[in-house]
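Dock chain B against the given chain A, drawing on the hints supplied.
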Amino acid sequence: MYGVTSLVFFLIAGLSALAIRMELYQPGLQYMGEDTYNKALTIHGVLMQFWWAVGIWSSFGNYLLPLMIGARDVAFPRLNALSYWFFFAASVLALITLLPGNHIRMLWTGYPPFSLNENAGPVAFYALIIHLLGASSLAGAINLVVTNLTMRAPGITLKKMNLFLHSFLAMNVIQILGVPALAGAVTMLLMDKYFHTAFFDPTRGGDPLLYQNLFWFYSHPVVYVMILPAFGVISEIVATFSRREIFGRTSMIFAIWGIAILGFMVWIHHMFTSGVPDWIRIVFSYTTVLIGVPTGIKIFNWIFTLYKGSIRFTTPMLYILSAIFMFLIGGLTGIPLGLPAFDIAVHDSHFVVAHFHYVLGMALTLAAFGGFYYWYPKYTGRMYSELWAKVALVLIMIGSNLFYFLQFIVGLEGMPRRYADYPAIESWVRLHELQTVGAMILGIGIAVAVLNLVFSTKFGKKAEDNPWQSPSLEWLIPSPPPPHNFDKTPHMPEDWDPYNYEWLEKQHKKQ
Amino acid sequence: MKEVLAYPANYWQTMYEIWLFIAVVIYLVVFIPGAYFLVKYRYRKGVNEKAQHVHESKALEVLWTIIPTIVVIYLATQSFAFYRIQRNAPENAMEIKVTAFMWGWEFEYPNGKKVFSFFNSVINPETNAYLKPEEVNDMFKAYIPADTPIKVLCTSRDVIHSFYVHPAKVTEDCVPGRITHMWFQINKPGEYWAFCREYCGTQHSKMAAVLKVVPKEEFEKWLNEGMQTNNTSYKQNL
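Protein chains in written order, with this note's numbering: chain A, 1 to 511; chain B, 1 to 238.
It is possible that part of the hints are untrue.
Stated by the list, open to error - Calculated pairs, BS3-like style, for lysine-lysine (alpha carbon to alpha carbon, straight line, at most 30 Å): (1) A/Lys488 x A/Lys193; (2) B/Lys40 x A/Lys390; (3) A/Lys160 x A/Lys458; (4) A/Lys159 x B/Lys132; (5) B/Lys45 x A/Lys509; (6) B/Lys50 x A/Lys509; (7) A/Lys160 x A/Lys193; (8) B/Lys97 x B/Lys114; (9) B/Lys50 x A/Lys390; (10) A/Lys510 x B/Lys50; (11) B/Lys50 x A/Lys506; (12) A/Lys308 x A/Lys160; (13) B/Lys188 x B/Lys132; (14) A/Lys160 x B/Lys58.
Since the hints were derived computationally from the structure, they do not count as laboratory data.
So that you can see chain A by itself, here it is in the shape it has in the complex (with noise of 0.2 Å):
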């Protein structure tokens, strides 16, 4: 349910995102006035971050938790119930800002003291979405950690628990300690509009940086929500692939906690140009930068699990491949936006939003694409169609990089982002043509990708219950699942891990 939520707010996010695109394609307002693109770039923006980059991995975990714990269900069914609606009841609500009449043009951020301006659109619309979104996030949270916490099966031990959970831990522990802060901040905004108090509000002695502090206190830790699921996605796929236990196993545990604390320490990185005191930008930016070591660490183990390995080139793992080698761009290019000297000309550019596009954009979505396929014979019991599906990848990646590179080149040249519109300067109109090209092209990948999910649960071929032979947990059982996934609850014996390979080809020759 989780997961075709996600993936239905996905493409209405994704159709915002060819609009906005069209609208640049030339300088001038061809197809929307100023007030449309307003409103298409807050939708695009809070639907991609919230519903697709945030609530696909809830499904996914959802899913994969108990599973690969080899629990019957989670800790708390009924509140993960009550987390769904929520997250249902936030959807409807996001829904309705698409009629006429409940714009929200204050985009996903929302500074005041812009958003308590008549010109942002309704607020406490707003407010009241990002608190169900919030409720539903912490529920879901707590209540996967508690599961992750107390019901493993006899024998898996946290050493010995899937790289995914242990992504996925850090994930909604980050979520405990960051929601709280946005939810103050929206409720503070929320007070300064209708009650008149003056937290943000510098006519009256607020501050308006207090509201960005808050914010990316909690909205810079965030993507780290998004991406560390999916290092989790890519470290199961690499390994299965691979036939071999990921290196440096130990490593990338502690580089997901590294990540996870560091992600907190780091938040003054939006504001370098903010009017923050100067020396706080400096000491943000060593913060900033650090990261990139862990992160680093994460990339060089993958890249030396493929090291004497058997590897096997299915779909789900040239969709990871792929994410790494997204992810490397991005993550190259987000190195120098921590570094004020280079911040202080690309701010707000164009360059930002190419670099989140290559991280969060691509390489979280062909991670998850990658996970689709490679847990589509578990949920559904059928194979997707091997043909379409890299007919796919080869069309996102070429339209990704035709697209967000440029992106990359125009925001060097200085073009900030947010425009409807911008002036006639030779290069930058061409490197927008080029985009909204590649756009196009992503466009098609995308449609292709998520026609072949659809068509397959009715005419793909049965699918084995391990047809990635992988001794992980959640392959043991047939696909798809019972409906109590276990009838009893399994004990692990001593020389099973879910990347012993050799484990599993033992336990077939007994047989």
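Quick look at chain B alone, frame taken from chain A:
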């Protein structure tokens, strides 16, 4: 020495080149072995059916923790050094006050002369698209002396905006209730854009101003045009 169009853009340029070099090297360091392993260790029937197990290597892991740490700390320190210069205006800088509003800019010069640039002045009323800088009426242009460091004191009348000088590659938010600062210097006379970089509502993308950079003498002449009385009172106030 090659001619520099604008300060502090030259420092940005050096920072950019240093980063680009390091980024390309790191990219190759990851990509080349990655591609090599993918080819060498691909599964082939009868040849590479089984993986060999190399679980970890302390030496390698320490290596790729320490080297990146050194690299990023070097980058941050280099940035620190440049940023001090990019951030702090030279002492002989001329101060102008910039006040942002929805949706435009007010420039105030030391003698009290003011220039307004707002969205109606930079767009063509018929097509609603951007004018070229040379088509904008001179009365809406902010005159800037060439070869002179300009310190900008920035604030806003309503919401947060961000003053971005395109050729100088420097931006700083204009926050209501605060005064922020930045500096730039453009050496070649001509007309340049300044944009708003912080989302501020409907006409955000049209919140631009034209900076008309002129030789110093011409600037002095322009500055004192119609300002005789104000000029004396300004001097008395000093």
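Consistency of the hints with the structure:
1. A/Lys488 x A/Lys193: violated, 55 Å
2. B/Lys40 x A/Lys390: Measuring from Cα to Cα gives roughly 22 Å; hence the hint holds.
3. A/Lys160 x A/Lys458: violated, 36 Å
4. A/Lys159 x B/Lys132: violated, 63 Å
5. B/Lys45 x A/Lys509: holds, 20 Å
6. B/Lys50 x A/Lys509: Distance of about 16 Å is within 30 Å: holds.
7. A/Lys160 x A/Lys193: violated, 51 Å
8. B/Lys97 x B/Lys114: holds, 9 Å
9. B/Lys50 x A/Lys390: holds, 26 Å
10. A/Lys510 x B/Lys50: holds, 19 Å
11. B/Lys50 x A/Lys506: holds, 14 Å
12. A/Lys308 x A/Lys160: Holds - the C-alpha atoms of lysine 160 of chain A and lysine 308 of chain A are around 22 Å apart, at most 30 Å.
13. B/Lys188 x B/Lys132: Cα-Cα ~18 Å, so holds.
14. A/Lys160 x B/Lys58: Measuring from Cα to Cα gives roughly 20 Å; hence the hint holds.
Hints 1, 3, 4, 7 from the list above are not met by this structure, while the remaining hints are.
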